[in-house]
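There are 4 protein chains.
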Amino acid sequence: MKVAVIGTTGYGGGELIRILHNHPIFRIHSIHSTREEMPITEEFPHLENIFEDSLKKVDSEKIAEDADLVFLATPSGVSGKLAQQFYGKDIQIVDLSGDLRIKSAEEYQKWYKHDCVNEETLADAVYGLSEWNRENIINARLLANPGCYPTAALLGLGPVVAAGLIEPTGIIIDGKSGVSGAGKSLSKTTAFAEMNDNFRIYKVNQHQHIPEIEQQLKLWDGHITPVTFSTHLIPITRGIMTTAYVQLKKELTTAEVIELYQETYLNHPFVRVRKENQYPSVKEVCGSNFCDIGLNVDQRTGRLTIVSVIDNLMKGAAGQAVQNANLMNGIDEKAGLNFIPIYP
Amino acid sequence: MKVAVIGTTGYGGGELIRILHNHPIFRIHSIHSTREEMPITEEFPHLENIFEDSLKKVDSEKIAEDADLVFLATPSGVSGKLAQQFYGKDIQIVDLSGDLRIKSAEEYQKWYKHDCVNEETLADAVYGLSEWNRENIINARLLANPGCYPTAALLGLGPVVAAGLIEPTGIIIDGKSGVSGAGKSLSKTTAFAEMNDNFRIYKVNQHQHIPEIEQQLKLWDGHITPVTFSTHLIPITRGIMTTAYVQLKKELTTAEVIELYQETYLNHPFVRVRKENQYPSVKEVCGSNFCDIGLNVDQRTGRLTIVSVIDNLMKGAAGQAVQNANLMNGIDEKAGLNFIPIYP
Amino acid sequence: MKVAVIGTTGYGGGELIRILHNHPIFRIHSIHSTREEMPITEEFPHLENIFEDSLKKVDSEKIAEDADLVFLATPSGVSGKLAQQFYGKDIQIVDLSGDLRIKSAEEYQKWYKHDCVNEETLADAVYGLSEWNRENIINARLLANPGCYPTAALLGLGPVVAAGLIEPTGIIIDGKSGVSGAGKSLSKTTAFAEMNDNFRIYKVNQHQHIPEIEQQLKLWDGHITPVTFSTHLIPITRGIMTTAYVQLKKELTTAEVIELYQETYLNHPFVRVRKENQYPSVKEVCGSNFCDIGLNVDQRTGRLTIVSVIDNLMKGAAGQAVQNANLMNGIDEKAGLNFIPIYP
Amino acid sequence: MKVAVIGTTGYGGGELIRILHNHPIFRIHSIHSTREEMPITEEFPHLENIFEDSLKKVDSEKIAEDADLVFLATPSGVSGKLAQQFYGKDIQIVDLSGDLRIKSAEEYQKWYKHDCVNEETLADAVYGLSEWNRENIINARLLANPGCYPTAALLGLGPVVAAGLIEPTGIIIDGKSGVSGAGKSLSKTTAFAEMNDNFRIYKVNQHQHIPEIEQQLKLWDGHITPVTFSTHLIPITRGIMTTAYVQLKKELTTAEVIELYQETYLNHPFVRVRKENQYPSVKEVCGSNFCDIGLNVDQRTGRLTIVSVIDNLMKGAAGQAVQNANLMNGIDEKAGLNFIPIYP
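Protein sequences, first through last, are from chains A, B, C and D.
Numbering-wise, the numbering used here puts 305 at position 305 of the first sequence, and it's gapless, one number per residue.
Numbering-wise, the numbering used here puts 104 at position 104 of the second sequence, and it's gapless, one number per residue.
Numbering-wise, the numbering used here puts 194 at position 194 of the third sequence, and it's gapless, one number per residue.
Numbering-wise, the numbering used here puts 21 at position 21 of the fourth sequence, and it's gapless, one number per residue.
For the record, the hints were derived by calculation from the structure and aren't laboratory data.
It is possible that some hints are incorrect.
Unchecked claim - Example chain A residues on the side facing chain D (calculated, C-beta under 10 angstroms, incomplete): (1) T121; (2) A123; (3) S180; (4) T189; (5) T190.
The C-beta atom is built at its ideal place from N, Cα and C for all residues, glycine as well.
Using the sequences and the hints given, assemble the complete structure.
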C-alpha cells in the first residue's frame, strides 16, 4: 500500500517516517511539505543513509491518484483545509491535528479560535481512539486521530466512566507533557535555557483538548459535567502523564478496579495495566506505542487516582495514527509498531 | 548570635550554610554530623575558600552551652530524638524534619511508621508556617519547620480556606517536586540514568505530608475532610509546584480571588501573588525564599485552580527555617534571605 | 539460533533484549543473572506484555548444551571468569566487558587492577571492531566486544591512522559520555541531583579504555605513541561524543579527508560520514547502531578535528555485539539492527 | 555610585541586576533597552517585588550626565557603537561584548565578520582579565570584559604559559558550554526538544573567541602558535568547562604544577586551585564568581591536562564585569560578589 505524508518536517511527521519506513505493508510513496524540493535529511540528518527522499509540494489531485492513504501531520487550520481537499477522492485520510475531532462546530470555534471544516466532512470523520472506537475505525475513510493528552486521559478514564462507576461531576485531570508536544515552532517558553531545570503550567483552563475529552466522556456517560483539565510542561523531550482524580460511586478496592481495567483491555495489546502498588513512569513507554495505566483507590476519600503514561509522539500521535491506518485496512493493528520502549 | 547546625552534610544542611554564612546576625559556631572530624569541603567542594570548618560530633550538652540556636537538618527519626535531648536546655531549636509537626501521636505513627517524640516536647513545638503562625513563632523555643510540599500547598490554599470560600470536601492537590527533595541517600529511583528525561508518580495516597496538610487546613476550617494529595518527581534539581483544585462556594472572578490573595499577603514579603493570566514557573523562585502563587477560576466548573511554586530547599526547608529563626529572635524576617532567584 | 544472555539486569543486558527480541534469526533461549528466578519485568517494567521470561542461575554446562551463542553482559572481572568456563565448549561467546580486549596481561592488570584471564583464552579472543576486523570476526568463537569510547574514537581515527596521514605522536582524544555508560550501580557522582545541570571530568589520564585504544592504533601504525584520552560525564542518558585532535603530516583539505572517510566506510552501513561543515550531535544516533563522523581541517594549524558520535548502549555495547554475532554466523550484519535513531 | 545598564533584557543584563541590586556601593540608576518603557518584570517575572524599574531608551548624553558607570550588555556590533558614543564622556564604560577585546582590527573583522570600532577607542580599551591585568584595569575608563570561554581557558593556561613551562605549539583547548551562553535569541539548535538529552559541537575551528585567547597567550609567551579551540554545547543552563592539553617542556609532577598555580593565584580570591586528584565540576561554581581549576600531569606523555570551570554568566560575564568595575573604582574586588555556589 502506498502512503503519502504531508507535514513531514514536524516532529509528528518525523515519527511517521520512523514507523512507516520499516512497516511491513505500508510503503512511503511521497513526502510533502511547504518546503518543497529539500531532501528530508536537511531537516532530519538522523535519517541519512536510511531514508533520503526529497519533499514535494502538496498537490492533492496527484497525491490522491498516486497514493492509497495520506497522513496529515500538519497544524490545526492547515489540516482541516487539506482534509476537505482530499475528502471525496479515492484516498484514505488520517489527520493528526485537532481539526476533525470536535463534532460541534461551535465548540471547535470556541476553543480553536478559527473556523471549522464544513459539516459534511466533519460528519464523516471517525474519532480514532483505537481501543474504544474500533468498529467505526475499521470502516473509516476519514480518520480524526486523537490528541496526545486526550489519548492518555481517556484510556485512563474509559473503563470506570463507561461502567458507570464514578460520579459524573468533579472529574479533575492533571496533565503533564514533554516539550516535543509543543511542536517545532520556536518560542521563548520552549527555549532550552528557559525550560531546562524548570516546570511550568500553561493554558490554565483553556486547553483545546478539553472539549475533545468531554465529548468522549459524554459518549460513555451522558451525565458527565465539565471537567477540570490542567496542562504542565515537564523538562523532558517525549512523554505524557495524566493523573486523573475521580469519586467512586461505591466502595471498591484497588484490586477490584485493576481487575476491571485488565478485563477491559484484555484484547488491546497497546494498553498495559499495572499491578497493585506499581505505577508507570513515562520512560517505560517512550519510543513505543504503549499506554501504561496505574491505579489506586484511597479508602480515606473514596477517590480513585488514575495514572496514564504515553509517548506523545507515538500513542499520542504517529503511533496511534498508524495503528488506526492498520485497522482501517484490515491489517494486524500491531503491524509496524513492535517498538520496545527504549530504556533507559 | 551563635548557631549550630546538625546534619550539615545533607542538602538541607548545605543550604543552611549557604544562607547562614552571609547572615548579618547569626554566626555559624559549629557544624555537626555523624561523620565527625571531616572538613565540610570534603562533602561540599563548592565551599572551598569560603567556609572550611570541620564537622564535630553531636554533644548536645556542649552545643547547648556554646550556641544560642540549633538547626536540626537531620532525618525524621533522628531529629525527634535530638529535639528531646535539647528540649529544656538553654537553646532555641529549629527542626527541619517532620518529627515535631504532627500533633497527634497516632497520626504520626500511622504515616511515619515509627514512634513519636514524647507528649511534652510535642506540645511545646510550634508549627513554623511563617506567614500564618507568626504570633506563636515569635515566642517559640522549639520550632517545627514545615515540610516542602505543605509549605507550597498551604500558602496556596490558606486565603480561600481561612476565608471559608471553598467547599471543605474534595480538595485535590497535585504536587510535583525536584529530585533534591528526596535527599542525598542513593536509590535506583533517583539515579540520573533512571530519572533523566523521565517523570514519575510516587507514594500514591501515602505521602507523610498528607496529615501535615490536613492538620493545618482543619485549623482554618474545621469542616475540611480528607484531601487527595499526589506527589510526582520532576527531572529537575530544585523546585516544587503544587496545583490545587477546589470548588468555590459561590461565584467569584479570578480578579476577585487575586485581590483576596494580595490583601492576605500584603505584609508578607516572601509571598508573591501573580497578576491575572500569569502563572509562576519553578525557576522564577529557585535559589530564593519566595513562594509565588498563580490563580484561575474556571467559570465552566466553578472551580479554582491554585498554582504555588517554591524552592524546596529554601522556602521549603532552610530558607523558611532561617525566616522562622529570625522571627523567634525579633530580627527582620528577611535578614540573610535577600536572595534574588537565579535566572535562568 | 538459540542465544543466552548473562547479566541481563544491567543496561547492556536490557539493550540486548530490546534488540534480540525482534531479531529475525536469533531467539532468546534463556536469560541469566545472579538474581535468579525473578521475572525480568520486576527489574524492567517496560518489558511487561513484551518479554516476561524469568532469570535463571548461571550454569555454564547447561547453557552450553542448550544455546548456540552466549552474550556476557557482566562486569569486568565476572566476564573473564565466565568466558573461561565457556571456552572450549560448543558455544559461541560474545563478551561485552573489557576482560578479553587487552592482549597484554601486564597492561590489563595495570589498568584494570585485577588479574587477567588465562593466556590461552586471551590468545583466541578476537577484537570485535566490526568495521576493521571483519576477517577475524567471521571466524571467531570468542569475541571481545569493544568498549564504548574506543568504538567512537577508533572509528573516527582509523582512516587517517591506517593511511599513515597523521603524526603518530600527540594524539588527543577528548571523550564525553552519557551517564548510562557508568552502569546501574548507585554512586553519588551519578545521582540525579548531583549530575543534573552539571558536567564533570573523571578518571583523568587513568581510564581503562586507554590501552584498548592504543593497542588498536598501533596495529594500524606501529609508530603511535601514548595518547591523551580524557573522559567527561554529560547530563544525558545515552550517547558518546569523542573529539579527536591530530596533526596532519601534509596539507589536506577538509573535502579530501571526507572523501577518504567516505571511501573507507563505503561498504559499512553503520558508519555515516557527514558532509563538509556538518557535524553530528549525539541525538542523531541515539537508539540506533550508527556511528556518525564529522571532520574539519584547520588550515591555521594543520590539525584535523574528528568528531564521532554513537549510542553507548548500541554501537558502544549491545548493538555492536549483535552486529558481531551476525558476522560470526554469516548473517547480514544489519539483521535485527534496523533501528532508526529516535528523534527528537 | 550610580550605574546604568544597557541591554538589560538579555541573560547578561539580568545577571547584572541580580548582582548590582544588592551591591554595597553601586546603585542601579537606570536600565535601558530597545524595548523602552516596559517594566523589567514583564521580561523577568522573577524580579517581581524585588526590582521593578521600567526600561528607558538609550540616550547616551543623558546617561553620561546622570550615571558614573555604564555596563554594556548588548550584542557584538551594538556594543561597539555604544562604546564610541560614550567614549570621551564623563562616564566609565564596561563592555561585556567582544567588540573592544581584539586589538587588531583585521583580526576582529576576520572573526566577527563586521567592522571594528575606531582605532582611538580600541587603543584605550583595557582587557579585563581581572587576575592578570589588574594594573591596567585599576586605571581603565573603558573596559573590554573578557569572553566566557577565554576567561576559563586563560585562567587555566596563564600560570604555565607565563612561566614558560610549556611548548608554545600544539595547544589544544576543548571547550564545553551551557546553553545560556548562546543568549536569548531563539534558534532551532537551542530549542529544548532539540538540545535536551543531546550534546553537540559547533563553530568547529571558527569560534570568535579564538583570536581573543591567542592574543593573551602571546602576551605571556611570544612564541605561541595558533591554538586549536573547540566548542561544544552541554544540555545545562549555566556553566563552562574548558579542558586544555599542553606539552610540558620538562618533567614536572602534578604536585609541582598545583603548587605553581596556588602561588600564582594566592591573592586572587575568585580562583580556586584544587588538590591533587580532585577536579571541579561546573555545578561547584554555578551562581558564583569563582573559577575552579584542576590539574593533572600524565607521566606517560609528559602532557598537562588543565580543567577550568566557571559560571558563564558570572565569572564569564556579569560577575567579572562587576569585579572589574570594583577594581576600576578602588573598591574591594569582592564587593557585591559574595555569592556562594548554589549546590545542588
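Cross-check of the supplied hints:
With 10 angstroms as the threshold, the beta carbon of A/T121 stays out of range of chain D, its nearest partner Cβ sitting at about 32 angstroms, so the hint is violated. Given the 10 angstroms rule on beta carbons, the hint for A/A123 is violated: about 36 angstroms separates it from the nearest Cβ of chain D. With 10 angstroms as the threshold, the beta carbon of A/S180 comes within range of chain D, its nearest partner Cβ sitting at about 4 angstroms, so the hint holds. Proximity of A/T189 to chain D holds as hinted, the smallest CB-CB distance being about 9 angstroms (cut-off 10 angstroms).
Given the 10 angstroms rule on beta carbons, the hint for A/T190 holds: about 5 angstroms separates it from the nearest Cβ of chain D.
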